[in-house]
Amino acid sequence: MALAGRLRMPPGRTLWHRRRPRAAIGGHLIMSGSLLLAIVILGAVLAPLLSPWGPEEIDFSAFLAPPSAAHPLGTDGNGMDLWSRVLYAARIDVGIAIAAVALAVVSGSLVGGLVGYVGGWIDEVAMRLTDIVQAFPAFILALTVSAMFGSGLFNLTVAIGLIFAPAYVRIMRSEIRALRGRGFVEAAECAGNSRVSILFRHLFPNALTPVLVIAPLNCGWAMLTLAGLSFLGLGVPIPQAEWGAMISAGAADVVGGRWWTSIFPGAALFVSVFGFNLIGEGFLDRSKSG
Amino acid sequence: MLAPVLVGVSIFCFLLIRVLPGDPVLAIVPETATPEDIERTRARYGLDRPLPEQYGAYMAGVIRGDFGDSIRTGRPVVEQIGERLPRTLELVALGFLLSLGASIVLGLFAALHAGRLGDHVSRVTALVANSLPEFWLGLVLILVFFAILDIAPGPTGRIATGIDYEIITGSLIVDSIFTGNPRALVSALHHLVLPVLTLAVIVVAPMMRSVRASALEVMRSDSYRCALAHGLGAKTLLFGYVLRETMVRVPVLAALVLGNLIGGSVLVETVFSWQGFGQWALRGLLLRDYPVIQAYVLVTASFYVVAFLVADIVQAALDPRIRV
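Sequences listed follow chains A and B, in order.
If you're matching positions, the first sequence starts at 1 in the working numbering and goes up one per residue.
If you're matching positions, the second sequence starts at 1 in the working numbering and goes up one per residue.
It should be emphasised that the hints constitute simulated quantities derived from the structure, not laboratory data.
One or more of the hints may lead you astray.
As the list claims (entries may be wrong) - Calculated cross-link-like contacts (lysine to aspartate or glutamate; reagent style DMTMM-like; alpha-carbon spacing at most 25 Å): (1) A:Lys-288 x B:Asp-222; (2) B:Lys-235 x B:Asp-175; (3) A:Lys-288 x B:Glu-217.
Unchecked claim - Covered stretches of chain A, going by a simulated chain B footprint (3 or more residues, C-beta under 8 Å): (4) 257 to 263; (5) 277 to 283.
In this text, a Cβ means the ideal position worked out from N, Cα and C, and glycines have one as well.
Full structure from sequences and hints, please.
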């Protein structure tokens with residue numbers, strides 16, 4: 001019976017099976033993810049060379065035209081070339097996602113590292129605050145923050161960064177707390193290093209790995225958040241080329257069977273997020289078997 | 001332990017929405033309103049009082065089950081929650097259950113094929129599902145099953161127009177069963193298929209991954225090795241050991257997923273014109289309707305708390321070690 005065969009001990013971590021490193025698979029995942037992202041980023045950088053149309057240029061002879069030789073992905077309801085818009089949108093979507101996560105990593109790690117190292121009531125307060133931010137519905141948080149500072153790409157980046165920062169506060173804090181009592185920290189203290197130097201030169205570099213491992217996964221997630229906000233009309237303003245806003249603009253056309261306006265930007269968004277997720281999954285494999 | 005978090009969330013929300021640019025009172029008074037009119041409207045909603053007093057009055061109301069009146073419509077917020085929340089809950093509950101069932105089956109499948117082709121295929125599938133924007137997936141499903149194949153209804157709400165139905169709980173399935181209305185039931189179910197499928201696909205990945213990891217852990221444990229060595233049958237091993245012990249580890253993550261679904265339903269609701277809880281909150285946010293936003297944030301945060309509570313209870317029921 002096939003099922004009975006499957007129910008034996010699984011490979012790995014048993015006495016009888018040599019551990020088969022998942023890291024080898026992790027390498028493939030990282031490679032294919034990087035390849036996908038490289039294609040997307042290359043398309044974004046070379047957009048002016050790859051398309052004769054500007055991202056907001058209107059072709060008055062082609063409104064909502066299906067894919068053709070002149071417009072390889074067709075045009076949207078405003079007569080703008082979709083191929084060109086999909087390419088230019090990558091600049092905003094990938095750019096903001098990476099910038100927002102970078103902001104979250106830096107600010108979250110700094111706060112998490114500090115409160116983890118100092119401890120005491122500051123630590124308690126900081127943890128309760130992250131509890132509150134994390135229990136808050138993400139889209140309300142993002143909108144309020146960007147509405148507070150006025151809309152714009154920079155404010156969107158800050159808003160999305162703020163959503164992701166608490167996770168890094170938590171990870172960095174627990175890493176620092178775990179490392180604080182270790183021998184090398186004591187040695188550094190005995191050698192007369194200042195607390196700042198211990199934190200930045202001895203603790204941070206050793207605590208960085210788990211933080212960086214989840215960063216690519218969060219980049220994909222941040223991109224979905226940005227596109228979701230734009231889809232709801234709370235993100236990148238029209239007519240700027242952005243995948244979520246483009247999907248939203250074409251949603252009504254899809255219902256009528258004119259699929260190209262929404263499907264292509266969504267496919268581009270999916271491919272980019274998938275690329276980030278492949279890299280993130282590969283990182284996870286590596287860190288587990290490392 | 002979670003009650004202080006709820007209070008913190010309510011204070012944070014209260015302050016956050018009040019620093020937003022845009023005045024809800026100016027949005028509702030007619031253009032001919034005199035400054036006295038504006039002040040009177042402001043006083044009607046208590047917005048002229050100091051913030052701590054406003055917050056105190058609000059929380060006193062919440063404890064009595066009164067979330068105030070919507071600034072925009074003047075209707076009690078509780079009434080609107082009663083109308084909108086069941087629609088979203090119906091959607092989310094079905095999507096969650098479908099996803100939970102699928103993740104248990106797929107996770108076990110992956111664990112039984114660990115390190116083999118089946119494992120890799122299900123892993124990549126999970127990664128794909130995890131990378132899909134739900135609002136786009138919904139549109140793709142609409143394109144395929146409505147625009148092309150024409151076997152699903154279009155994204156026009158929860159039930160076909162022209163069908164009479166009575167509202168009791170607000171959930172169309174429950175109501176149409178109670179009132180013995182098969183036409184409404186069929187139409188409601190028909191309209192639920194695509195949005196439920198969309199929700200299920202986007203949350204299946206994390207749960208499936210967790211089931212796989214737990215099942216592998218179980219299969220590598222000493223007790224399982226012992227059961228295996230005793231030569232127990234495949235059915236006993238699978239259902240009595242692997243599945244049973246794996247299920248113990250599922251509830252906590254499932255609670256998190258359920259909480260996320262309720263807080264994140266707005267995108268799928270928008271795609272399918274569901275007019276549910278999320279869309280209601282979005283509109284409230286755009287119009288700076290303070291009581292609406294506050295109620296939404298409090299209710300979604302409470303759902304997290306309740307979901308985790310239920311998870312603890314379910315876990316205790318499944319795992320005799322936890323019972324004291």
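Quiz item: Out of the numbered hints, which ones does the structure contradict?
Solution: Per hint list: single violation, 2.
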